[in-house]
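These protein sequences, in sequence, are chains A and R. Counting from 105, one number per residue, gives the positions in the first sequence under my numbering. Counting from 34, one number per residue, gives the positions in the second sequence under my numbering.
Computed list of lysine-lysine pairs in PhoX-like fashion (alpha-carbon distance at most 25 angstroms, straight line):
| hint | chain 1 | residue 1 | chain 2 | residue 2 |
| --- | --- | --- | --- | --- |
| 1 | A | K240 | R | K213 |
| 2 | A | K237 | A | K283 |
| 3 | A | K237 | R | K213 |
| 4 | A | K283 | A | K240 |
| 5 | A | K397 | A | K484 |
| 6 | A | K311 | A | K283 |
Quick caveat, the hints were computed from the structure, so don't treat them as lab data.
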Amino acid sequence: MAEAEAEAKTPAKAKAKAKSAPDQAGEPAIALRGVGKHFGKTRVLESIDLEILPGELCVFVGPSGCGKSTLLRIISGLERGTSGDLFIFGRKMNDAHPSQRGIAMVFQSYALYPNMTVYQNLEFGLQLPASQKDEKERRIREAARMLQIDQLLQRRPHELSGGQRQRVAIGRALTRQPKIFLFDEPLSNLDAALRVSMRAELTRLHKQLGTTMVYVTHDQVEAMTMADRLVVLNGGHIEQSGPPLEVYQRPRTLFSAGFLGSPRMNFLTGAISDRMAEGVVIELTSGGAVRAKVASEGAMIGDQVTVGVRPEHIQLQVGEDGPLAAKIALIEDLGDHAIVHLDREGVAGPVLVRVDRPPAAEGAQVRFTLPPAEVHVFGKDGLALPKP
Amino acid sequence: MTAGTAIKKGLFFLLVVAIVLYAVFPFYYAILSSLKTGSELFRVDYFPLAWNFDNYVSVFKQNPFATNILNSVLVAFFTVVLSLFLGVTAAYALARVRFRGRGLLLLTILGVSMFPQVAVLSGMFQLIRTLGLHNSLPALVLSYMIFTLPFTVWVLTTFMRDLPKELEEAAILDGASPWKILTRVFLPLMWPAMVTTGLLAFIAAWNEFLFALTFTLTNDKRTVPVGIALMSGASSHELPWGNIMAASVVVTLPLVALVLVFQRRIVSGLTAGAVKG
Numbered sequence: 105m106a107e108a109e110a111e112a113k114t115p116a117k118a119k120a121k122a123k124s125a126p127d128q129a130g131e132p133a134i135a136l137r138g139v140g141k142h143f144g145k146t147r148v149l150e151s152i153d154l155e156i157l158p159g160e161l162c163v164f165v166g167p168s169g170c171g172k173s174t175l176l177r178i179i180s181g182l183e184r185g186t187s188g189d190l191f192i193f194g195r196k197m198n199d200a201h202p203s204q205r206g207i208a209m210v211f212q213s214y215a216l217y218p219n220m221t222v223y224q225n226l227e228f229g230l231q232l233p234a235s236q237k238d239e240k241e242r243r244i245r246e247a248a249r250m251l252q253i254d255q256l257l258q259r260r261p262h263e264l265s266g267g268q269r270q271r272v273a274i275g276r277a278l279t280r281q282p283k284i285f286l287f288d289e290p291l292s293n294l295d296a297a298l299r300v301s302m303r304a305e306l307t308r309l310h311k312q313l314g315t316t317m318v319y320v321t322h323d324q325v326e327a328m329t330m331a332d333r334l335v336v337l338n339g340g341h342i343e344q345s346g347p348p349l350e351v352y353q354r355p356r357t358l359f360s361a362g363f364l365g366s367p368r369m370n371f372l373t374g375a376i377s378d379r380m381a382e383g384v385v386i387e388l389t390s391g392g393a394v395r396a397k398v399a400s401e402g403a404m405i406g407d408q409v410t411v412g413v414r415p416e417h418i419q420l421q422v423g424e425d426g427p428l429a430a431k432i433a434l435i436e437d438l439g440d441h442a443i444v445h446l447d448r449e450g451v452a453g454p455v456l457v458r459v460d461r462p463p464a465a466e467g468a469q470v471r472f473t474l475p476p477a478e479v480h481v482f483g484k485d486g487l488a489l490p491k492p
Numbered sequence: 034m035t036a037g038t039a040i041k042k043g044l045f046f047l048l049v050v051a052i053v054l055y056a057v058f059p060f061y062y063a064i065l066s067s068l069k070t071g072s073e074l075f076r077v078d079y080f081p082l083a084w085n086f087d088n089y090v091s092v093f094k095q096n097p098f099a100t101n102i103l104n105s106v107l108v109a110f111f112t113v114v115l116s117l118f119l120g121v122t123a124a125y126a127l128a129r130v131r132f133r134g135r136g137l138l139l140l141t142i143l144g145v146s147m148f149p150q151v152a153v154l155s156g157m158f159q160l161i162r163t164l165g166l167h168n169s170l171p172a173l174v175l176s177y178m179i180f181t182l183p184f185t186v187w188v189l190t191t192f193m194r195d196l197p198k199e200l201e202e203a204a205i206l207d208g209a210s211p212w213k214i215l216t217r218v219f220l221p222l223m224w225p226a227m228v229t230t231g232l233l234a235f236i237a238a239w240n241e242f243l244f245a246l247t248f249t250l251t252n253d254k255r256t257v258p259v260g261i262a263l264m265s266g267a268s269s270h271e272l273p274w275g276n277i278m279a280a281s282v283v284v285t286l287p288l289v290a291l292v293l294v295f296q297r298r299i300v301s302g303l304t305a306g307a308v309k310g
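Just need the whole structure built from these sequences, with the hints factored in.
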């Protein structure tokens, strides 16, 4: 990469450059084929199949212990899968040394070398012959400028704030000019305000560099806002993989429906009572019927199902008109919007509704409607009936 | 402040004074005695009456004491260097590499330090004869490592195990070899542990008597403790107490100096800034 400054200002050019890297055309940046990992009898990962395209920012998200970090570490080479194959730009990398994979990783704890200055930290991973001293220095200065740490090059890590340390850790990855960046929960040690700004900065960096990035997080805001593609992991397998909005709007499983979104999706149990061309009717266990616009082919009348609907899609009405009755138990008013907690007989836990302004006071009897287009139906196996 | 707390404070102060007296008085008395000559030595004094440095001059004149000190310095120095080198490299393997029998190996190393010196003396003597090292300084360095290595390895292993794992992983990703990880990443963080164990090893080697007595024959190969013990006076019935006291004071000073020099380095907190904080 030449003309550091010019490049920093023209993301399009950087992107074009990254794409012209000498990779086998058409190959995914990372391809996992049946990758599994188990320690003795504990299965951490079950046969993972996944392709990540060049230039994508792919986010692994899931609860702790879901295997997302293990998967990242297998890609990095710090751990080995017990089965399956890993390809990076079409080359099989199962046994390649981590430093030979064309990757760089940013750790949650930064892992800066405490005895070295920032400059030396950035320099440590640069395996260039002594003859390329100028190139070395240029790359370090370029990375430092991009991350605005050029004033800090002579400091040591303990003299830096958390945000600065994180920048140095990213800079260390940057100077190596990897083909793939790996991030292991890089923002979770930062305070909330800093996390928001670093999140935007990382997204900007990705746009500027156009390099493939794999990002592990348990924070769904990071997952939703940063990802080109979201991979929801749970219990060692992939629940769903796709663009974040698609995962949000069309969750494929009960788990990914419940994991994404805050407050989380409301779930009500029921049984299918009717099938029609444009959807199904579900008789709720708590009484009342709900229509859902989903493909009805796989559904049988009498099937036990779970109905899911997001808080922002429930329509609240004051009065006696409407299909489902409830009482307002609690209102959390956040100023720009409010979360209404509804108590409904026969339903464990509150039904949450997101409204602009609360329609009635706490204790009021209300009715609510679930719009058929926004109702998700999950079978007993946890899989969603596909939406048209 | 109530009377109760005043009494408690007073008692605490008394206790501190007692401990300091107990620790320092023997050395103080040695200094006092070293400044006396002739029959003054056998009179009990608690304060120096005259500053007489004759003993210090004669201890160097009458005995190859300077040679003894040099021998001690050489032996202790090489014992420390070798112990730390072997200790650090062994600790890296024991703390950072997973292999079968690691726990057993650690226990064995600890087990070595359980044998009393006397128990290994004859075996060690045979070993040193076989290696042709009898009456030489390397014989002492080799034999001293039998007691310096176990604790060096143990302390350094424990310390290295606590260093953040991500540091090593970051270095692996940066393409560093195990040797580079050890020397460039871990070693700079290990100074507090190295200084502490090195100092202990130095003191142990500096004070060792039994091996030094057994494995050396001639005065020019003896170390300080043996040199002092074998000092003889004008006749075989007279012990040169003045010289012995002067020698004792002289050989204590390097240790005091070492501790004073390194006490600042025996502070941890060098890892600050490595990981979140």
